[in-house]
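Which chain is which? The protein sequence lines are A and B, in order. Residue numbers are given in my numbering: position 166 of the first sequence equals residue 506, and the series is strictly consecutive. Residue numbers are given in my numbering: position 58 of the second sequence equals residue 59, and the series is strictly consecutive.
Since the hints were derived computationally from the structure, they do not count as laboratory data. Note that beta-carbon positions come from the ideal geometry of N, C-alpha and C, so glycine has one too. Warning: the hint list may mix true and false statements.
Rough simulated footprint, nothing fancy, chain B against chain A, three-plus residues with beta-carbon under 8 Å [what the hints assert, rightly or not]: (1) 454–465; (2) 560–574; (3) 694–703.
Only pairs whose alpha carbons sit at most 20 Å apart, straight line, appear in this in silico EDC-like list of lysine to aspartate or glutamate [stated by the list, open to error]: (4) A:Lys502 x B:Glu153; (5) A:Lys414 x A:Asp444; (6) B:Lys329 x A:Asp428.
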Amino acid sequence: MSVYKAILKSLKACTITIIVYFTVFAIFGNLSARATTSSRDKMFKDSKVTVAITDHDKSTLSQGLVKYLKDTQKVVSPKTKSIKEMNDNVRFLIYDYALIIPDDFSEKALSGKTENLLEYVAPGQTAPQFLLSEKINTYIQNVMVYLKSGYSENEAIELANKNMTKLSKTTATVIDNADKNHRSYYTGMFTFNGYTLLMMICISVCGVLSYTKEEDVRNRINVSGMPFKTRNTASILAVITIGFIITTAVNIAVAITGASDYNDKLLFYCLNSYVLMLVGLGLAFLISTITTNTNIVSMITNMLVLSMSFFCGVFIDLAFLSKNIVKAAHFMPLYWYTAAVRYINDTAIKEIFSTTFFEYLLLQLLFATIFFGAGLVISKKKEQYAI
Amino acid sequence: MFLQMFIYKTKELGRKYWLIGWNFLFPIVLSTAFFLGFGNLIKDDPDTFKTLNVGYVCEIQNSNGFEQVLNELSSDKEAETTVLKYKVFSSEDKAKKAMKNNKIDGYYIEKENKIETVIPSNGLSSTIMTEVVRSYDNYTAVIHQVAKDHPEKLEDAIHTITSKHNFVKEHSFGADTSHYIQYFYALLAMTSLFSSWIGTSMLDGICANLSECGKRVECAPGSKLLKISAGFLSGILLQSVSNLIIVAYIQNVLHINLGMPLQSVLLICTIGSGVGMATGTLMGSIIKNEHLLVAVPLFFSMVCSFFSGLMWGEIKQIIQYNMPIINKINPAALLTDAMYIRATYGATADYKEDILIMSIMIIICLLVSAFFLRRRKYVSL
Numbered sequence: 341m342s343v344y345k346a347i348l349k350s351l352k353a354c355t356i357t358i359i360v361y362f363t364v365f366a367i368f369g370n371l372s373a374r375a376t377t378s379s380r381d382k383m384f385k386d387s388k389v390t391v392a393i394t395d396h397d398k399s400t401l402s403q404g405l406v407k408y409l410k411d412t413q414k415v416v417s418p419k420t421k422s423i424k425e426m427n428d429n430v431r432f433l434i435y436d437y438a439l440i441i442p443d444d445f446s447e448k449a450l451s452g453k454t455e456n457l458l459e460y461v462a463p464g465q466t467a468p469q470f471l472l473s474e475k476i477n478t479y480i481q482n483v484m485v486y487l488k489s490g491y492s493e494n495e496a497i498e499l500a501n502k503n504m505t506k507l508s509k510t511t512a513t514v515i516d517n518a519d520k521n522h523r524s525y526y527t528g529m530f531t532f533n534g535y536t537l538l539m540m541i542c543i544s545v546c547g548v549l550s551y552t553k554e555e556d557v558r559n560r561i562n563v564s565g566m567p568f569k570t571r572n573t574a575s576i577l578a579v580i581t582i583g584f585i586i587t588t589a590v591n592i593a594v595a596i597t598g599a600s601d602y603n604d605k606l607l608f609y610c611l612n613s614y615v616l617m618l619v620g621l622g623l624a625f626l627i628s629t630i631t632t633n634t635n636i637v638s639m640i641t642n643m644l645v646l647s648m649s650f651f652c653g654v655f656i657d658l659a660f661l662s663k664n665i666v667k668a669a670h671f672m673p674l675y676w677y678t679a680a681v682r683y684i685n686d687t688a689i690k691e692i693f694s695t696t697f698f699e700y701l702l703l704q705l706l707f708a709t710i711f712f713g714a715g716l717v718i719s720k721k722k723e724q725y726a727i
Numbered sequence: 002m003f004l005q006m007f008i009y010k011t012k013e014l015g016r017k018y019w020l021i022g023w024n025f026l027f028p029i030v031l032s033t034a035f036f037l038g039f040g041n042l043i044k045d046d047p048d049t050f051k052t053l054n055v056g057y058v059c060e061i062q063n064s065n066g067f068e069q070v071l072n073e074l075s076s077d078k079e080a081e082t083t084v085l086k087y088k089v090f091s092s093e094d095k096a097k098k099a100m101k102n103n104k105i106d107g108y109y110i111e112k113e114n115k116i117e118t119v120i121p122s123n124g125l126s127s128t129i130m131t132e133v134v135r136s137y138d139n140y141t142a143v144i145h146q147v148a149k150d151h152p153e154k155l156e157d158a159i160h161t162i163t164s165k166h167n168f169v170k171e172h173s174f175g176a177d178t179s180h181y182i183q184y185f186y187a188l189l190a191m192t193s194l195f196s197s198w199i200g201t202s203m204l205d206g207i208c209a210n211l212s213e214c215g216k217r218v219e220c221a222p223g224s225k226l227l228k229i230s231a232g233f234l235s236g237i238l239l240q241s242v243s244n245l246i247i248v249a250y251i252q253n254v255l256h257i258n259l260g261m262p263l264q265s266v267l268l269i270c271t272i273g274s275g276v277g278m279a280t281g282t283l284m285g286s287i288i289k290n291e292h293l294l295v296a297v298p299l300f301f302s303m304v305c306s307f308f309s310g311l312m313w314g315e316i317k318q319i320i321q322y323n324m325p326i327i328n329k330i331n332p333a334a335l336l337t338d339a340m341y342i343r344a345t346y347g348a349t350a351d352y353k354e355d356i357l358i359m360s361i362m363i364i365i366c367l368l369v370s371a372f373f374l375r376r377r378k379y380v381s382l
């Protein structure tokens, strides 16, 4: 019991690191999960483009266009008069499109000089840019047709606005009957958890194991009267307890922050995260056999876990990665963790307990065993050659 | 004397393997991870508008003209990107099956009085598909309106509506910097700021209260200013080599174009490294705790990098509109801003302002450090 207690007490040295990663998980995990959560669509909803309009003309025609855009899109303030700053804003996604109406817009349009009447800033040829440019083109074309057909300026604007607004109510039929295309809040949180949980477990467990390997501490442990078996069992139990406490805290945090999105799949996500905990413990044991220097431990852990997170779909959706990288990711434990998370998300709750799900868990366990085994081999070799 | 101090300090810092690992190896691993993650996105932006694959089912004897519209849209050679490609299906079931298997993005059913659009879920593709139907209905409505009120102008109206116009034009800045390249700028900024560790480590070997080596150095009769200057310059040298390796790796191995000449990247990174070294020296002169000397520079680099967009690209611009002062005092934000401006607009006044602020930061940090480090007295060593 004394070894068990001592190891748990030595965890205090890693408290700040654990708090930092836990905060990262709670804030960024939440932000990323909320941003990517989607549910099944029951009815058609128009995608609106966020557009910032700068109207230098202030004519009836320009105001008609602004009114039409306000009725159908999300119009926001450009926040600046500088076109360069507008370019920065569209590139950093403050808005999708910046429309600039020049002061001679109305004059040119009414005199029939219709080419390049308006100017816009967009981050390349994107779908929102295409959609909004098309809408603006259609609107102005309508006005021009009415003007050339003998309607007055006010009549042309009114007819164009009425027609376009009426047509914006045209809808589509949505056939959306699978969870596959949607991500739940839990999926977002538990996917991000792949990074933070591994980091927290590796850093804390490596810290604890490094402490017990310090020459002075190791010598004092070796001369104690406690049997080797009892000492090692207590060490293993203490390390598992640390992993269990961290994982449980993470799961409770997800359950609390996602209370409004609760569904029964939470238990499966938790089960998957406890299996990942074993992978983390194995990896931490392996790293601690390589080095006991906390700086190097932190560096190796960051390199391994960050890289795995990029390749295995934690930070970037697998759809955006090249096929070869996804193939290579099959040889990393985090890939099977995220595969299990995706499987839970896409599968009906009654069908989750299946061979596929257990395969994903077993593959993670296999990696945990490999890491642990490799750690034992390195440890033994180090002892053998007194490194 | 100075040269000797410089050489010894460079040797001393070069032997700290964890420092080399963090400053040389970690950025290379991270840039590789970024490349594997974002490399595809930089070369082929997922936000770029792509041709939609749609299905078409005609439930009436002959199309009322909608199929002709689809045909025109799919064979438009003038457009930069063809709006859509359509495939005719003999029944709705077949179209539905194709949509379910992700072979088409949605399908149209032309009925007697209307065109029905069927989509798998909401999104921009679905809205664009619906927009095609709206445009078709719109022109029909406009022609009917003109025919009703001014039948004599009908021919003119049809001519205007069928002729192609470009009422809007894009304002181009010449360089089209990808949104995702921002992450590489933030990475270089983080790498430059990692030199704050070198700054604290440099002091570790100079201050008597921090190490055995520091005791010996403080006992020696050499000028303290020379010792610190030599340490500072050797730190900048190491970090500049690290920056050179990383920039060369990104540009020549990963083949990611940073959008500016190599000398500009190196100039910005070297000044950034100077800021990192100066802040590290300042931290080293204030902090006495051995653990904090590692934790504080790491925390400083990561927080600055986060607010410059390392993990969330939009954060810098959001701060710009809410607390712009943060972007002016955050060295990582100044670094990424300088790189972004240089790549997008060239060496403008804003770019020079960023460089100037960073240079002022170096001077202020060194002056404050000098204030803390000067005239330290020890009863015994």
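Right, here's what the structure says about each hint:
1. Look at the stretch 454–465 of chain A against chain B: 12 of its residues bring a Cβ nearer than 8 Å to a Cβ of that chain, three or more, so the hint holds.
2. Coverage of a stretch by a chain is defined here by at least three residues with a beta carbon nearer than 8 Å to that chain's beta carbons; for the stretch 560–574 of chain A and chain B the count is 0, and the condition is violated.
3. Chain B is given as covering the stretch 694–703 of chain A, and this is violated because 0 residues of the stretch bring a CB closer than 8 Å to a CB of that chain, at least three being needed.
4. Distance restraint check for Lys502 of chain A and Glu153 of chain B: the Cα-Cα separation of roughly 23 Å exceeds the 20 Å cut-off, and the hinted pair is therefore not satisfied.
5. Pair hint Lys414 of chain A plus Asp444 of chain A does not hold up; C-alpha atoms about 25 Å apart against a cutoff of 20 Å.
6. Restraint check: the Cα-Cα separation between Lys329 of chain B and Asp428 of chain A comes to about 16 Å, which is no more than 20 Å; the hinted pair holds.
Hint compliance for this structure: hints 2, 3, 4 and 5 are not met, and every other hint is.
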